[in-house]
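As you go down the protein sequences, you meet chains A and B in turn. In case it helps, the working numbering puts the first sequence at residues 1 to 292. In case it helps, the working numbering puts the second sequence at residues 1 to 319.
Simulated from the structure, these hints should not be mistaken for laboratory data. Careful, some of the hints might be misleading.
[Claimed, not checked] A partial selection of chain A residues facing chain B, derived with a Cβ cut-off under 8 Å:
1) 86
2) 101
3) 172
[Said to hold, decoys possible] Beta-carbon label-pair distances, calculated as ranges:
4) A/110 <-> B/23: 51 to 59 Å
5) A/135 <-> B/156: 42 to 50 Å
6) A/139 <-> B/126: 53 to 61 Å
7) A/79 <-> B/299: 23 to 31 Å
8) A/29 <-> B/311: 35 to 43 Å
Beta carbons are placed, not taken as given, at the ideal position from N, Cα and C, and that holds for glycine.
The residues making up each chain are set out below.
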Amino acid sequence: MSKTHLELTGVEMAFDTPKGPFVALDNVNLKIQKGEFVSLIGHSGCGKSTVLNIVAGLLQASKGGCVLNGHEVNSPGPERAVVFQNHALMPWLTVYENVELAVRQVFRKSMNRKERRDWITHNLELVNMAHAANKRPGEISGGMAQRVGIARALAMKPSVLLMDEPFGALDALTRAHLQDSLMEIQQELNNTVIMITHDVDEAVLLSDRIIMMTNGPAATVGEDLHIDLPRPRNRVALADDAKYVHYRQEVLSFLYEKQRKLESLSSRRAASASTQGGESAKVEKEKQPASA
Amino acid sequence: MAARSRNFLARLSPNELVAAGKEALLPLIGILVFLGFWHLAAPQVQTSLGAFPGPAQVWEQAGQLWQEHANQRERASQFIAMQEQRNARILADNPDAEVRIRSYPGAPTFIDQIGTSLVTVLSGFALATLIAVPLGIVFGLNRYFQAAVNPLIQIFKPVSPLAWLPLVTMVVSATYVSDDPMFQKSFLTSMITVTLCSLWPTLINTSVGVAAVNPDLLNVSKVLKLSFWTHVRKVVLPSSVPMIFTGLRVSLGIAWMVLIAAEMLAQSPGLGKFVWDEFQNGSSQSLSRIMVAVLAIGFIGFLLDRVMLLIQKKVAWNE
Ligand SMILES: Nc1ncnc2c1ncn2[C@@H]1O[C@H](COP(=O)(O)OP(=O)(O)OP(=O)(O)O)[C@@H](O)[C@H]1O
Ligand SMILES: [Mg+2]
């Protein structure tokens with residue numbers, strides 16, 4: 001348990017923009033143990049997705065790097081499965097075929113056809129989506145599609161599961177349900193998980209550790225909070241648990257006192273529009289000159 | 001047939017019937033108004049070959065052309081039957097005799113010309129598709145390649161078939177030399193001209209569609225480490241199928257227009273030649289016969305587009 005599984009050292013990320021390089025991350029250091037559930041929390045645009053993409057290998061850090069099991073990460077691979085913010089299912093494949101694409105790619109050699117079929121169905125059942133196996137993503141709700149995205153990632157048996165706001169677009173009930181299933185699944189499989197979230201309760205409930213990021217540009221790890229609550233956790237029982245309330249308090253004070261966003265009114269409007277419209281990427285780009 | 005359609009009407013509810021009626025009625029009114037206008041306006045237009053033909057004369061010539069085709073077929077089969085009888089007799093006398101059957105030497109009819117044109121346009125279009133789709137995928141996948149060839153595409157795209165035709169003719173007659181040619185040179189010339197003019201919309205649409213694949217899906221492909229071919233087959237192609245088909249439909253429309261022009265200019269067999277021959281012929285029926293050809297060209301163009309649409313509905317996931 002104590003051996004470092006994943007390590008980020010001195011990560012700096014500078015994006016080329018028409019106005020010159022934009023330093024999004026500066027000197028990010030992070031050590032994660034095997035089987036740990038880590039949440040990344042921070043204000044919008046601080047660089048959480050960037051950290052996740054560097055671990056995934058989808059982005060290359062401009063300085064420093066990421067080491068997984070003693071090997072440097074410099075390209076994406078299925079052992080670091082990603083659950084994308086907006087499910088990213090192939091719209092022309094059915095739910096089953098979407099998971100199949102991943103399973104066939106990863107277990108082409110190690111599983112025969114029947115084993116693969118069972119494994120796909122098993123993962124769809126894990127997220128309660130087996131009933132919609134033959135539907136296309138366009139025919140199911142956003143929450144259902146997100147569940148399939150999770151099933152696809154789990155089906156790759158990743159050693160690290162990377163999730164970018166996996167429940168961000170869901171209603172409160174679906175979200176609670178999925179959080180519970182995720183806890184169960186993680187308990188069972190003992191995956192290492194890095195999850196980005198905006199939701200303080202979600203972070204405290206699910207995580208072993210919460211990494212709080214400072215505001216960008218040049219964001220870095222602000223605080224690293226260990227959540228020492230016994231598992232399995234029950235959201236109702238925890239609601240007035242003194243420790244839980246304390247942890248929650250810590251995160252809130254970091255976000256809204258220490259890292260309070262000093263934004264102009266207009267950019268805050270843009271940010272709220274982004275959470276409603278779900279087009280955060282676009283708004284971030286508009287916001288960037290203001291913060292840079 | 002009539003009974004079945006009545007059955008079908010009976011199954012529709014009154015509301016649906018009204019809707020279906022409206023849907024059929026408006027186009028019908030449009031066509032009738034057009035025919036009426038044509039009928040009234042045509043006699044006013046005097047040409048050296050007499051008044052411009054109205055719908056009635058054109059209809060009559062359409063029947064005439066069909067009749068000529070039927071007669072020609074009749075004569076052709078008699079011609080063949082005669083040869084067969086004669087051959088049978090020769091073989092009865094001498095079983096070792098060599099016998100041959102010559103095909104009927106009559107001139108191609110209007111219907112034959114339609115067939116020739118259809119075969120030519122489909123071959124040219126198929127060749128254009130075989131070239132344009134793979135090339136479009138390559139250009140769409142590689143930004144640098146795209147930047148390098150973009151000026152060429154922009155320059156060749158607007159070239160008229162009339163400009164290509166002499167070049168293609170010369171090149172075909174110089175390079176396609178064989179004692180027993182599989183294709184006629186005129187066929188090759190028309191087909192290649194069609195290909196050269198119609199491949200651009202498919203090429204451009206394919207490359208745009210390929211370049212516009214959702215970046216999230218590209219990331220999925222990277223995380224899965226899909227091989228290049230699987231990536232193209234499972235992610236890039238399906239994602240750009242709607243755009244490719246938009247391009248294919250434009251291409252087929254252009255192919256059909258270009259073919260008629262090319263046939264007229266090069267005198268190669270087909271509907272274009274039919275129009276040109278009638279124009280040269282200059283009889284009192286020529287204008288009506290050309291008008292039949294014009295309507296046939298339009299109708300076939302419409303049908304070709306419909307067929308493409310049907311295929312698109314079968315193939316594309318977003319339909
Ligand atoms: N490709 C890029 N080019 C230029 N700037 C970028 C690029 N990607 C991200 N950025 C900038 O880097 C910063 C961090 O972006 P990132 O997407 O990681 O934020 P985030 O914390 O995930 O935000 P959110 O919570 O809204 O998703 C932002 O200011 C963003 O504008
Ligand atoms: Mg993000």
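Results for each hint:
With a least beta-carbon distance of about 7 Å to chain B, the hint placing residue 86 of chain A at the interface is held under the 8 Å criterion. The beta carbon of residue 101 of chain A comes within 6 Å of a beta carbon in chain B, closer than 8 Å, and the hint placing it at the interface holds. Hint on residue 172 of chain A is violated. Least Cβ distance to chain B is approximately 25 Å, over the 8 Å limit. Between residue 110 of chain A and residue 23 of chain B the beta carbons are some 57 Å apart, a value that agrees with the proposed interval 51 to 59 Å.
Checked against the hint of 42 to 50 Å, the C-beta distance between residue 135 of chain A and residue 156 of chain B comes to roughly 44 Å, which is consistent with it. In this structure, residue 139 of chain A and residue 126 of chain B break the distance hint of 53 to 61 Å, their C-beta atoms being roughly 34 Å apart. At roughly 60 Å, the beta-carbon separation of residue 79 of chain A and residue 299 of chain B lies outside the given 23 to 31 Å, and the hint is violated. Between residue 29 of chain A and residue 311 of chain B the C-beta distance comes to about 57 Å, which lies outside the given range of 35 to 43 Å.
In terms of the numbered hints stated before, the structure departs from hints 3, 6, 7, 8, listed from lowest to highest.
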